[in-house]
Amino acid sequence: MNSRLTKKGLTVLTSSLLVLALAACGNNNNGKSSSSPAATGAASPSASEDTKPITLKLATWEQPTNIEAFQKLNEKFTAKYPNITVTFDTSKPDGPYQTLLQTRLNADDADIVTSFAINPKKDYHAGAAVPAMQQYIDAGLIEDLTGKAFLNNFTPESLKDAMTYNDKVWGIDVGMVTYTGVFYNKELFEKNNLKVPTTWPELLNVAKTLQDSGVAPFTMAGKDIWPLGMAANGFIAALEPDLEAFDKKIWSGEVKFTDPVFKEMLEKYEQMMGYMEKGFMGVDYASVVGRFAAGKAAMLPDGMWNAGAIAKANPDMKFGYFPMPVSDNAENNKNFYGKYDMSLMIAAHSKNKEAALKYLEFFSEPENYSEFVNAVGFLPTQPNVTLKDPFLQEIAPQASKMKLAMDIIWQAPQGAGNYTSSVTPVQLLKPAGKETPEEIMNNMQKEWEKEMANLK
Amino acid sequence: MYPFGKSWSRLSPYWFLLPALLIYIIFSFGPSVFTIIYSFTDITAVQGTKWQFIGWDNYKEFFQSGRTPVYYAALKRTLIFAAAVTGIQTALGLFIAIVINTKLRGHMFFRSLIFLPVVLGVTVFGLVWTLMLNPLDGPVQKIWELFGSSSTFLGSPDLAFPLTIFIQIWGALGYTVVIFLAGLQSIPGDLYEAGRIDGAKAWQSFAHITWPMLAPTVTVNLLLAIVGSLQTYEVIFILTPNNPYTSVLGYEVYLAAFGSNAGVSLRQGFASTVAVLQFGLVLVVALIAQFYLRRREVQM
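Going line by line, the protein sequences match chains U and V. In terms of this note's numbering, the first sequence has 28 at position 28, counting the first letter as 1, and numbering is strictly consecutive. In terms of this note's numbering, the second sequence has 708 at position 252, counting the first letter as 1, and numbering is strictly consecutive.
Hints listed in this document are in silico derivations from the structure and should not be mistaken for laboratory results. Keep in mind that a hint or two might mislead.
Capping the alpha-carbon separation at 35 Å, the derived lysine-lysine pairs in DSBU-like fashion look like this [claimed, not checked]:
| hint | chain 1 | residue 1 | chain 2 | residue 2 |
| --- | --- | --- | --- | --- |
| 1 | V | K598 | U | K57 |
| 2 | U | K358 | U | K57 |
| 3 | V | K657 | U | K92 |
| 4 | V | K516 | U | K446 |
| 5 | U | K121 | V | K598 |
| 6 | U | K57 | U | K186 |
| 7 | U | K312 | U | K122 |
| 8 | U | K434 | U | K256 |
| 9 | U | K249 | V | K598 |
| 10 | U | K358 | U | K168 |
| 11 | V | K506 | U | K351 |
| 12 | U | K446 | V | K506 |
| 13 | U | K256 | V | K516 |
| 14 | V | K598 | U | K456 |
| 15 | U | K278 | U | K208 |
| 16 | U | K456 | U | K122 |
| 17 | U | K256 | V | K532 |
| 18 | U | K208 | V | K532 |
| 19 | U | K278 | V | K532 |
| 20 | V | K532 | U | K312 |
| 21 | U | K278 | U | K122 |
| 22 | U | K208 | U | K57 |
| 23 | U | K122 | V | K516 |
| 24 | V | K516 | U | K160 |
| 25 | U | K208 | U | K72 |
| 26 | U | K450 | V | K506 |
| 27 | U | K434 | V | K657 |
| 28 | U | K248 | V | K516 |
| 29 | U | K122 | V | K657 |
| 30 | U | K318 | V | K506 |
| 31 | V | K559 | U | K92 |
Label-pair distances were calculated between CB atoms; the ranges are [to be verified]:
| hint | chain 1 | residue 1 | chain 2 | residue 2 | range |
| --- | --- | --- | --- | --- | --- |
| 32 | V | E601 | U | E365 | 35 to 45 Å |
| 33 | U | Q71 | V | T579 | 44 to 54 Å |
| 34 | V | I544 | U | K168 | 40 to 50 Å |
Reference listing, derived: stretches of chain U covered by chain V, where coverage requires no fewer than 3 residues with Cβ under 8 Å from a Cβ of chain V [unchecked claim]:
| hint | segment |
| --- | --- |
| 35 | 155-164 |
| 36 | 233-246 |
Note that beta-carbon positions come from the ideal geometry of N, C-alpha and C, so glycine has one too.
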């Protein structure tokens, strides 16, 4: 009886070991089968590099216009290089995409990846967390593209500002976007005899007139929180036009968060929120365009990328885009601020680097680039692009001179809390949050001092 | 008497256990131990980056950095969340289970209906409630307006958190109900019969038969609810992402590990620290709860 049990036990054990061993064999076989075509390819002289079928994996985020533009480009690319097909690997934007990018790069399971500009931290950002893109490059996961001929198709500024780190160029940047502007409904403005405001008092006047006529002056996607912070970039930039110097001064302690500039920024933001449509804190980003396009509110502070969505939601609508005029001085309100948007990079561990380089080269050809950038609606980073979209044509002269926004320049200290993760924590302001400008300023300074003390 | 014989054959039961044990060690116990080890490092989610042991620095950051008030607020919210969810979900679950355990017309339909959110999962019912609570033209706002009131619901700094609690209970209630139903059905019918003969009223038969007989089920439900709600982050992630007034500990772990926030990006080491502290909290609360619940079972 006992010996039978032991035997049974051994049988179970051996069979489970067998399963493990088989699984291991399976892996070996897989490894062999995947490497065998390459081996035969190398052995037989007839199969050259150009006919070996290659699949390029492109990791990017789900954004209908982007995906459509890529699909068109990929078709053309495959027509030129019939042996290379490009497949997508996508997720939702932001957080989920960060996860996708991280897992694919770590697993060597991507050939071409998309991201934004690198924005490495600067020397004076002593205690700041290292931005993700900088970590990937430091870890050797991104291919160095310095000196590649196709880079010359792009403006030197875009390569320098967006894609250079450690004096090397790591990718190409597709275009710029600004998000410190305000969409406005031209018909509603005309109906109330309103002009585009160029100073803060003018803006308040416009808002008041609209409100008196029964139209909500502003709407925004408050529920998602981040659109509030994004618009705040326009506030700090108009009050403090040299943002890089400002950033340096904050880190050196020369500027304090209790200084009048923060008070003015927060108080003006509070004033603007007072003119929002009722319930804006429950509106999410997906529906805010519909609110504006349906004429429920006359102005929408938002990124320029939503122009296409507005036109799609209401093709008859006439709308424009002006820089948020936060300063009392019209001179300071002329600029747009924003960031370099989508960039393309090659994974350093890609097995199809040659093909990936061909793809970037193809992408950079002025004709293909022009088609792509027109489709996604960025401000181009190649010279001599003819913009087809009337909205882009209208704003391009002013917006092409765009400067980097504060949230791109700012690097938060590693242990930053709710107050200094950005220098514009407007989400804590009533009614979005629970605090007054004075409370926020004091808390910002307190948190900052704590962080700086921890660094020592 | 040990039934497996002497010398080597004594080991035979352990051979049977070995495959399961290996799987447990590789996929569950091992990673847990590594989480504790990682909590003392500055490891990031980026492969190939140098990392090192940094002692208690991560723990110091949790308790002494600029973000500490955020963590304390998240901790407080986690406890409130757990208490509210556990209490209400268990009480309501028991009530509903007793109601649909009767030979009510269509009780099978109600059972399926109540269990439905569990099947749908948090993402789906999170989206459903986002639509329900849309402050501009959602159905709940329409009802609110009948009473001459209005709110931004999930966008309101005061209301957002209670709403996530409500939605979590709504979504997980079916699970509690099903466990209670199983417990109720295992109570022998003759006990009630005997009670009726002795003249027990409905309330008396609940207090003296159902409740004591259900003690083990109550324990299971309470523990599951406590452990589950202390670790929650999905419902917060779906309903109110980035909202500084609804963050809980589990969400802070997510932010540190996967968030793209400038201050906290891809920091697996620090995320492990928060996870270890969260584990400590769950362990202490669950142990205390289990101690009292088991004692209560014995007393009854």
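Status of each hint after checking the structure:
| no. | hint | verdict |
| --- | --- | --- |
| 1 | K598/V x K57/U | 48 Å, violated |
| 2 | K358/U x K57/U | 13 Å, holds |
| 3 | K657/V x K92/U | 58 Å, violated |
| 4 | K516/V x K446/U | 18 Å, holds |
| 5 | K121/U x K598/V | 49 Å, violated |
| 6 | K57/U x K186/U | 44 Å, violated |
| 7 | K312/U x K122/U | 41 Å, violated |
| 8 | K434/U x K256/U | 22 Å, holds |
| 9 | K249/U x K598/V | 50 Å, violated |
| 10 | K358/U x K168/U | 20 Å, holds |
| 11 | K506/V x K351/U | 24 Å, holds |
| 12 | K446/U x K506/V | 33 Å, holds |
| 13 | K256/U x K516/V | 26 Å, holds |
| 14 | K598/V x K456/U | 55 Å, violated |
| 15 | K278/U x K208/U | 15 Å, holds |
| 16 | K456/U x K122/U | 18 Å, holds |
| 17 | K256/U x K532/V | 31 Å, holds |
| 18 | K208/U x K532/V | 42 Å, violated |
| 19 | K278/U x K532/V | 31 Å, holds |
| 20 | K532/V x K312/U | 45 Å, violated |
| 21 | K278/U x K122/U | 42 Å, violated |
| 22 | K208/U x K57/U | 52 Å, violated |
| 23 | K122/U x K516/V | 25 Å, holds |
| 24 | K516/V x K160/U | 38 Å, violated |
| 25 | K208/U x K72/U | 46 Å, violated |
| 26 | K450/U x K506/V | 27 Å, holds |
| 27 | K434/U x K657/V | 52 Å, violated |
| 28 | K248/U x K516/V | 27 Å, holds |
| 29 | K122/U x K657/V | 77 Å, violated |
| 30 | K318/U x K506/V | 54 Å, violated |
| 31 | K559/V x K92/U | 47 Å, violated |
| 32 | E601/V x E365/U: 35 to 45 Å | 57 Å, violated |
| 33 | Q71/U x T579/V: 44 to 54 Å | 27 Å, violated |
| 34 | I544/V x K168/U: 40 to 50 Å | 58 Å, violated |
| 35 | 155-164 | violated (count 0) |
| 36 | 233-246 | violated (count 0) |
Of the numbered hints listed earlier, those contradicted by the structure are 1, 3, 5, 6, 7, 9, 14, 18, 20, 21, 22, 24, 25, 27, 29, 30, 31, 32, 33, 34, 35 and 36.
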